[in-house]
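Colleague: Spelled out, the chains give:
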Amino acid sequence: MYAQMVKSTGEGVRSLDEMDPQERAFQERIDAGGKIEPKDWMPDGYRKTLVRQIGQHAHSEIVGQLPEGNWITRAPTLERKAILLAKVQDEAGHGLYLYCAAETLGVTRDQMTRDLLSGKMKYSSIFNYPTLTWADMGAVGWLVDGAAIMNQVPLQRTSYGPYARAMVRICKEESFHQRQGFDIMMKMARGTPEQKRMAQDALNRFWYPSLMMFGPSDADSVHSAQSMAWKIKMNSNDELRQKFVDLTAPQADYLGLTIPDENLKWNEEKGGYDFSEPDWDEFFDVLKGNGPCSVERLEDRNRAWDEGRWVREAMLAHADKKRAAKLAAE
Amino acid sequence: MATDAQLFEWLCRMGDNALVLGHRVSEWCGHAPVLEEDIALANTALDLIGQTQLWLGLAGEVEGAGRDADALAYRRDVLDFRNLLLVEQPNRDFGHTMMRQFLFDAWHIEMLSALKGHDHEQISAIAEKSLKEVTYHAERSADTVIALGDGTEESHTRMQAALDRLWPYVGEMFLSDDTDRAVCDPAPLRAAFDARVNAVLAEATLTRPDSDFAHKGGKTGVRHTEHLGHMLAVMQFLPRAYPDAQW
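Chains as they are written, first to last, in UniProt numbering: chain S, 1 to 330; chain L, 1 to 247.
The hints are simulated quantities; they were obtained by calculation from the structure and are not laboratory data.
Please note: incorrect hints may appear among the correct ones.
[Claimed, not checked] The calculated DSS-like cross-link candidates involving lysine-lysine, where the alpha carbons are at most 30 Å apart (straight line), are:
no.	chain 1	residue 1	chain 2	residue 2
1	L	Lys132	S	Lys172
2	L	Lys216	L	Lys129
3	S	Lys7	S	Lys35
4	S	Lys172	L	Lys129
5	S	Lys172	S	Lys243
6	S	Lys35	S	Lys172
7	S	Lys122	S	Lys35
8	S	Lys322	L	Lys132
9	S	Lys48	S	Lys172
Here chain L stands alone, though its shape is the one from the complex (with noise of 0.2 Å):
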């Protein structure tokens, strides 16, 4: 049974995954190759605003505090966000974009399926609506990872490179700590993670890369990369700039 600090400390893991994954999707918009993928990656970044002010929400009414989701997502600096390495790389091409999703996507799908059973009501009930979503997030990921890898010789070699660079950010998603074990521990889904990404990876004609060196330190908050706090800046500038506004 998870403590209320364990709950909420969780729940920020679960709320910035979102958050942050959101955010850096929606800083495409206007920008995308092709129209079609404009409305696609701003409907995910929406998903994912949308699943934030569920898990920060309910992060805020655990802790007690007074805070509400805006105030924790926007009034914490780096060392209080709780997000995976991963999702808070930066966007670079498309393809880094697409296959960020694809490694997310392929955990997050089997998060959410564990949650979806889970007896704290409220965990269950965001599991249960994020499924939806994240269900579509992952098929379109993973296609546009397969079309993307299976392409040309260009889109082939960006997205190999797409993949050895992210690969050193998989394994942080399935580190469990007791904050983790008291909710749901993630380390048993890698067997499911890894036969989704194989196939969709030999599918795109994609080798996975032989180390499974992990960087970790975005869930625990012990040590973010050097990009999470640019994207803070910018995205926190004016509830920080204007302390007393309501927007």
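Chain S on its own, in the form it takes in the complex (with noise of 0.2 Å):
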């Protein structure tokens, strides 16, 4: 999930009976499974957890693009290196998606940016990872975009248009993604014994953040329960969770890779695996800006914008003095 602990109006949802017409109207419409469009009237709470929500979404695809960036340089074939291109330049693509489905919602890129920037607005916690070895390609493909994609796939029925269509369009570049990640664990698994060192490591390291990314149970939230009414949020953290290493869990094994987690087993009764939980403390100092490549992370973003500020600004002064030349010769 690539939008964690996204706030709503924290007032706990109300019943039909306690909305005003309009917006028991609007209740009404996504309780029947329609969309709501940008033109369309909608509570401010609504539009507020949105513009959150696909912000913070829209700012991990910009800032994952750094880790996995990280090896564009050293990828180790022709066909790697296209390969790993082509998937962080789709990133970028859906950040723009992104950025402009919640500029439908009324806030500017410009605006999100420097809120990203000045660490106001959030980006997955999972980014604030290094990336160590090549291995690590594998694993972010196979697990990060592997849980991002449980997430994902319901929110292709959210009930906000714009962001329904977006999420349909980055699911099927996701699910490209997620295959070529475990494409290169494969290889690694079955490599050398150092590339399957390094691939062991790699699961090691990011198994606890990938089930991170879920955000801690919010079987007890108001915001959650708040947004799921709205159908802003499609199904509860535990349960993506659940079903995260239930697909998971026999993939390593088909790797010959361990899960780090000696609790994992299957319980037959429930129909899922029992695992162990992750260090939410771990989780909750990372989302306050500790962790291991936070610093770092937003330090490249803002040299990116800073360094590019002539950039930026001369492309808009070139176009207005375009348009200031075209109008003079009508």
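Using the hints, build the complex out of the two chains.
Modeller: Structure (structure tokens):
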């Protein structure tokens, strides 16, 4: 999940009877599976929550370019380099669709970017972890994109039209990313002893951070309940995490790799795996900006933005001059 | 008619230009001034890496020594690289990157156009495919040079500095030796290059440097710049460190 702990109104879900007619009509439309479009009336809380959620997702795509971009120059074959470049380029494209979707809610990309750069808006905790070996490119695709897909596939049915449509396109590309990650893992896990060691090490380092992507249990969260009523959150965090583990554990077996959890065990009764919770203290530390790469990630984004200022200003100035010249000629 | 040795050498020149420039452009990934530029840079890098696979793949076939495109890209050292000095120049700022791209594209588009009708079927096929991509690269880099040259005082100063800094690497593109002449002589392409470059520089309000002094030694492999070795150290790290591994 690329959006974590998104706050809604904090007021709890109101029943239809407690709503005024306008809000009631809005909620009934969502309940009936209808879509909300940019020009439609919507409660302020719905708008704000969506901006936070879509913005966080967009920022995650942009910051998410960095840990993988870290290996583009060191990709071991021309084909791997091309695939990785294409993948990171897709992520920039996802960022672009999502910023556009958020812009339909009345916030500009520049404003959201400034909020990311100042640390006011968040991005997924996962991108604050380092990518240390080539196997990490496999683990990121397999586990991180795999976890993202769990959340994003249901979001194709989310109530806000532009968000749902962006998600349809994103999901197609994400499933390709996930497959290419698994393909790298397979090569590594079945390669030389050094490669196998890298593969296991990558799994060891990315397993729990991937489980954290879904966020802590939100069974009792008023924010989650409201987001689910609005259908901008489709499943609970625990539900998605369970689904992810159930899907991933057999894949690790297939790769001949060991998930770093002694308690991972098939539970016949519940029809799913039992597994250990990640260290939630670590998760909250990462959210506070104390992830292993938190400072570097924001530093990188800020540097790109600051060093690119003259380019953006020049492009605007040139466009203005061209417009003025065209007007003068008319 | 080119000998196999000449053909191999020439194909390495084409392939190494695409490889080294593609690599340089890919270094921007995630760090461009604006999201749209990030995507466009990745696109350019992707095209160039694709062209590398074709040129170096053919070079490996012609050589007949069992080396494929990856072996050529990842297992040769500086002295066997045949790219132009221009493309191994570091990215520096976005202005340098785009000026380097513009100067190379202006040569590349003429070169590929000349190769499109080449007698060697595979060369002409690769040129035809690459030309479609490079036509877009040339359009984009020219537009960017114009916008940044003409934009603000700061951008103008930066673009003029980039042009002055890179101009001494232009001449090498048009030097020709027996290897070039055996396949496609670049010297006659200079007039079309000049016409294209002059028009763009004029619109960009940039001044073409007076001196036509040219550094050389890249495409003959006689003397690369110090930058190439560092790039190869990064690029070739994995295949060198784990020579038995398949990726």
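Colleague: Does each hint fit the structure? Answer for all of them.
Modeller: Hints versus structure:
1. Restraint check for lysine 132/L and lysine 172/S: the C-alpha separation of about 27 Å stays at or below 30 Å, so the hint holds.
2. At roughly 29 Å between alpha-carbon atoms, lysine 216/L and lysine 129/L fall within 30 Å of each other, so this suggested pair holds.
3. With a CA separation close to 22 Å, the supplied pair lysine 7/S and lysine 35/S stays within the 30 Å bound.
4. Taking the CA atoms of lysine 172/S and lysine 129/L, the gap is near 27 Å; set against the 30 Å cutoff, the hint holds.
5. Restraint check for lysine 172/S and lysine 243/S: satisfied, since their Cα atoms lie roughly 19 Å apart, inside the 30 Å limit.
6. Restraint check for lysine 35/S and lysine 172/S: satisfied, since their Cα atoms lie roughly 21 Å apart, inside the 30 Å limit.
7. Restraint check: the Cα-Cα separation between lysine 122/S and lysine 35/S comes to about 27 Å, which is no more than 30 Å; the hinted pair holds.
8. Between lysine 322/S and lysine 132/L the alpha-carbon distance is near 28 Å, which keeps this suggested pair within the 30 Å criterion.
9. At most 30 Å may separate the alpha-carbon atoms for a hinted pair to count; lysine 48/S and lysine 172/S meet this at roughly 27 Å.
Of the numbered hints given earlier, the model fails none.
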